[in-house]
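Asks: In the order they appear, the protein sequences are chains A and B.
Just so you know, we're using UniProt numbering here: the first sequence kicks off at 1 and counts up by one.
Just so you know, we're using UniProt numbering here: the second sequence kicks off at 1 and counts up by one.
A hint or two may mislead.
To be verified - List of simulated lysine to aspartate or glutamate pairs, EDC-like, C-alpha gap at most 20 Å:
(1) B:337 - B:114
(2) A:118 - A:30
(3) A:118 - B:354
(4) A:118 - B:346
(5) A:211 - A:173
(6) B:200 - A:63
(7) A:269 - A:338
(8) B:200 - A:59
(9) A:211 - B:354
(10) B:94 - B:114
(11) A:118 - B:126
(12) A:192 - A:322
(13) B:68 - B:338
(14) A:118 - B:114
(15) A:302 - A:261
(16) A:16 - A:55
(17) B:337 - B:126
(18) B:60 - B:74
(19) A:118 - A:29
(20) A:269 - A:297
(21) B:349 - A:173
(22) B:200 - A:37
(23) A:269 - A:217
(24) B:94 - B:116
(25) A:118 - B:95
What the hints assert, rightly or not - Partner residues aside, some chain B positions facing chain A, computed with beta carbon under 7 Å:
(26) 165
(27) 188
(28) 191
Don't read these hints as lab results, they were simulated from the structure.
Just so you know, even glycine gets a beta-carbon here, dropped at the ideal spot from N, CA and C.
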Amino acid sequence: MTSTVTTPVRRLNTSKAMVEAIAQEMRVDDSVVYLGEDVGSYGGIFSSTAGLLDEFGRERVIDTPISETAFIGLGIGAATEGMRPIVELMFADFMGVCLDQIYNHMAKIHYESGGNVKVPMVLATAVGGGYSDGAQHSQTLWGTFAHLPGMKVVVPSNPADAKGLMTSAIRDDSPVVYMYHKGVMGLPWMAKNRRSIGPVPEGEYVVPIGKAAVAAEGTDVTVVTLSLSVHHALDVAEKLASGGISVEVIDLRTVVPLDREAILESVGKTGRLVVVDEDYLSYGLSGEVIASVVETDVGLLKVPPRRVAIPDTPIPYAHVLEYAVLPTAARIEAAVREVMA
Amino acid sequence: MSTSVTGPAPGQDVPPVPPVSSEAAARRDLDADTRRNLYATMVLSRTYELAIVREYHADKGPGFDIGKGLVPGEMHLSAGQEPVAAGVCAHLTKDDAVTATHRPHHFAIAHGVDLERMTAEIFGRETGLGRGRGGHMHLFDPAVHFSCSGIIAEGYPPALGAAFAFSRRPGNRIAVAVTGEGAANQGAFHESLNLAAVWKLPVVFIVEDNEWGISVPRTASTAIASNADRAAAYGIPGERIEDNDVEAVYEAAGRAVARARAGEGPSLIEVATLRMLGHFEGDAQGYRPELAEVPQHDPIPRYEARLREAGVLDDAAVEQIANEATSRVEAAITFAKESPLPDPAEVLKYVFAEEA
Chain A
1 MTSTVTTPVR RLNTSKAMVE AIAQEMRVDD SVVYLGEDVG SYGGIFSSTA
51 GLLDEFGRER VIDTPISETA FIGLGIGAAT EGMRPIVELM FADFMGVCLD
101 QIYNHMAKIH YESGGNVKVP MVLATAVGGG YSDGAQHSQT LWGTFAHLPG
151 MKVVVPSNPA DAKGLMTSAI RDDSPVVYMY HKGVMGLPWM AKNRRSIGPV
201 PEGEYVVPIG KAAVAAEGTD VTVVTLSLSV HHALDVAEKL ASGGISVEVI
251 DLRTVVPLDR EAILESVGKT GRLVVVDEDY LSYGLSGEVI ASVVETDVGL
301 LKVPPRRVAI PDTPIPYAHV LEYAVLPTAA RIEAAVREVM A
Chain B
1 MSTSVTGPAP GQDVPPVPPV SSEAAARRDL DADTRRNLYA TMVLSRTYEL
51 AIVREYHADK GPGFDIGKGL VPGEMHLSAG QEPVAAGVCA HLTKDDAVTA
101 THRPHHFAIA HGVDLERMTA EIFGRETGLG RGRGGHMHLF DPAVHFSCSG
151 IIAEGYPPAL GAAFAFSRRP GNRIAVAVTG EGAANQGAFH ESLNLAAVWK
201 LPVVFIVEDN EWGISVPRTA STAIASNADR AAAYGIPGER IEDNDVEAVY
251 EAAGRAVARA RAGEGPSLIE VATLRMLGHF EGDAQGYRPE LAEVPQHDPI
301 PRYEARLREA GVLDDAAVEQ IANEATSRVE AAITFAKESP LPDPAEVLKY
351 VFAEEA
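Okay, chain B solo, but in the shape it has when bound (with noise of 0.2 Å):
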């Protein structure tokens, strides 16, 4: 986390204190539950995705043929980016809204969207959250108040409108808006940001910069090295939180919700967060150089063995968290492949609302 530490000043008498790791004031801050809820979190979702991979290329053969198979079209999977959405939802309840991305999955799941009509939907089902409608890409939950665009940048207005509405109610709800760092260079990010500012809405944007917009660097295409630095030009807290680290994403997340939620306006964070996977499925990743040494920065066995040092997880308690993240995942992907596929002769329904 690069929250900065004011030292002493040149030229002043004072011994330097060591910064305090956010680390160390995470093991001193947050309890067992949340740790272990956070842990959870991440391998459930962790969990979805590899399924979701072993489905997804079940039968795409001979060779690669993206549009076929049970679960077809472009599939953009977030395996390493866990710690983004679960130390950001844990803050959250389900009335609170959540726009996420092309790459949704872990948020979706992180926020409480309902995994079997999630499932369903993303096999292209009735059963679906958009009754086959949607996709992986366009998944609406309004039980969680949960939505994604495929459009870079573009699920951050939508966002503002939701924080709009709960502002003008009672109680304390608010917004949280998603996106990836090639999305800071456009324009509905800015746009957003100066709006919600000028109006005090009650929103959290959040960057999770996995350094890749597709198969370009972040180097290439931001001026930059964090995008937080962007929310001083709209006169807002902006932090960038460093190496995937869950319990600093949960901390700077608290602090901009608690921030949202006062009334004081929005935050911007930015999380580095590592993309595991290819942009979408198929990506062969040719043009990632540092490709062999992704898997060792994997942040969830990291949280794991500190977590393990901590005390806080054990043999058992791994083993029982692993299990039931499996035997949700698995019931879901089942009543996916059970449901009826939407009829063909309905696909004119839901251009409109039904009229009253």
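Isolated chain A, as found in the complex (with noise of 0.2 Å):
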């Protein structure tokens, strides 16, 4: 029998979805705990720890010296001795600081101990710019990380994905990388898309990594893109549909291990690529996308596909000259015309 009474279906902004999934695993698992800069009382630069020191105090939600090096090995140390530690690089781009930890040890160790050593931490780490931040502080690198082999990699989207992942991330057995846009966090200090605000499941929520998600279905042009750049592309589709062209935005979710599957499928039903990637151009995500497809099937596109990536060059400061180099939704329209011309 259906219930006559609907309960209105709570909405949650980006970093609540998170902290509420970190909250539910630390309530249920004492190895789980929070490291990093200004994840106690600050509650993350990003508030990605918001609320979460009140409930469960300075020893399970830790502030750290700026040592990265020291507090991501620390973690692996952690990890590998049976906890499940969730370690916070504020920034992807301090990566540099500390990448030794992060891709040597962190992402090494099970292959190298012939699967006798795991290491079940979470490395949370925001990215993206929009916001006039400069080179240092908005850039992605998820294609960096995702290059080294032995990590997962999941760049949630929205709320409810932003819970589910951090719990599947949480309770990997491997070292999985979380980055979380800071476009997409619902932050009251910074312009942000109106899905960054969405329905979020209320108790335990899963969602597994490496599968990726039809955000909107089409039959035209398939759009592959990840992080606020979903956003974008939703807003894109949304615009295209009234002018006839029938858009699918594929959200990857995971960028290790890729959905190949998911972008075939695509592809295959609409023959047109695009890829949209807050990521520099070459050498990335856009290109593994596009080797994907032509690698299984070179029939599979009617068209070349295109990408709409960061055209190689540092992020700018000045927002007309960042604007520039983001894949903005009027550099997706282009593209997504170009394919259909």
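Taking the hints as your guide, dock the two standalone chains into a single complex.
Replies: Right, here's the structure in full:
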């Protein structure tokens, strides 16, 4: 029998959804702790830990010195000894000061040990630009993490996925890099897309790692994208629908392992592909997506694919310059129209 | 050992008391079993390294091809540095963690890493600790919480994590983190000392000063004479042991381990030790002016003489220890050689943990 009383769907912003998953896992698993810079009283610079200190205290929500090598390495050692630490790298851009621990240790220990030592940790990190933070605080860099074997890389675009992917990341026995775009967190002090607030299931909620989602169904062209660019792609899809162009938007959600089947299925249907990636154009995710298609069947595409990405420049500071390199809705729309021409 | 001896202040009319040498103190304090065990650990480790030298070079020719043979690749051997591992690990149980360096065998052996599986790993076999995926710089034995890293100083941070995990559980387990003296100039070293100190983690930091960062002498790389002095920057005890003296290492490590187990935080110990061989096998060491004198500083014959003089060892005991070491090492090498190679068809396995 269907209940006649419908509970209004609860809506949260992305940061609250992410925090909810962390809190739920911390309640049921003592070995989950959250470590990083300004994750305690401040609640995370991008609200990744807001409220956690109050519930779990300083023993489990732990401010670190500005020593990323030391505290990421600490997370690795704690993980190999059976804990499930979540370690925050405040900006993905800061990987440069601690990359050895990330790619030579966190990512390789399981392999080097022939599967005998697991590293069940989450490296949570903020990514992305659009608010004039300059070349060292605006990068996404997921392609760089993804290129280095041994870490899973998840990139939620909306509140529900932020919760579900965090739950999966904490429970995963492999290291997972969890990359949250500042522009999808729903922060009150930054311009945000309306989709950064959305319905989020209560209670335990799991989104499997490695599964893309069809964010919008369409028949004419496939836009494969992720993170904040999903929002822009959906805006474009809505706009073009009235003009008779049916755009399918694939939200990858996970970069490693990449859901190639979802990409192929969609491209098999539309025959046209635009990849939108807020990472650098060359040697990265956009090329990988296209390679996945043409390596499978070069005949899947009716027309050459297009890429909308950062054109291999550092991210500039001035607003007009930054928005000249970001994958904006206007650039996405132009690319879609090009493959439809 | 350079424990400072406080003398009478200038002008005080107190007869000077000669400092008690660490050797004499050790003779007084250490029992015969402990001393015999320190010696036996050193002998086992040396026997192992010399056997690896034999196996490593057996089939590198014609000439020397580093990638050839039953044991390919870079090989960093620890001969001469045994006093550090023996003296430190004598205080540990298999529940304590050790993170070692690119030159890890002596610490692995002293901490009780499975010798057969370690050797099989060095021979690149399926039965190895890492199923042939790690190699001699990447030995992981979770049964004794042992790991090592090929990257200078980067083994320190994971030791903090082991200590962090231990400190949140019952018991008083500790972590020992090992680097060489060259690592004391790396950021990871300083970040780790600070973090361990500010969180009072149960860690003992060991610096093996073998005087050489590959070919660069310590004097050319390091601004101060003792890296133990760097401990003061983090408000923790620092001690430097001179002369590669295993009993002095044992005593200093005893203090540091007790402090860590008591929850009082980390300590730093630097040991002046000796790299008897090249940075890696095949290193002709033309940069090393004192090369001809190296063998005479070998710590093992020196310690053996000391223990014979003290009546702890005699011919029979020395022979028995040597025979036991040889027998264990040769059994491990035989195990490795008789083990299957890993299957190239399985090379993609273990990138990620198996899904439950």
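Asks: Under the constraints set out in the numbered hints, which ones does this structure not fulfil?
Replies: Going through the list in order, the structure violates no hint and respects every one.
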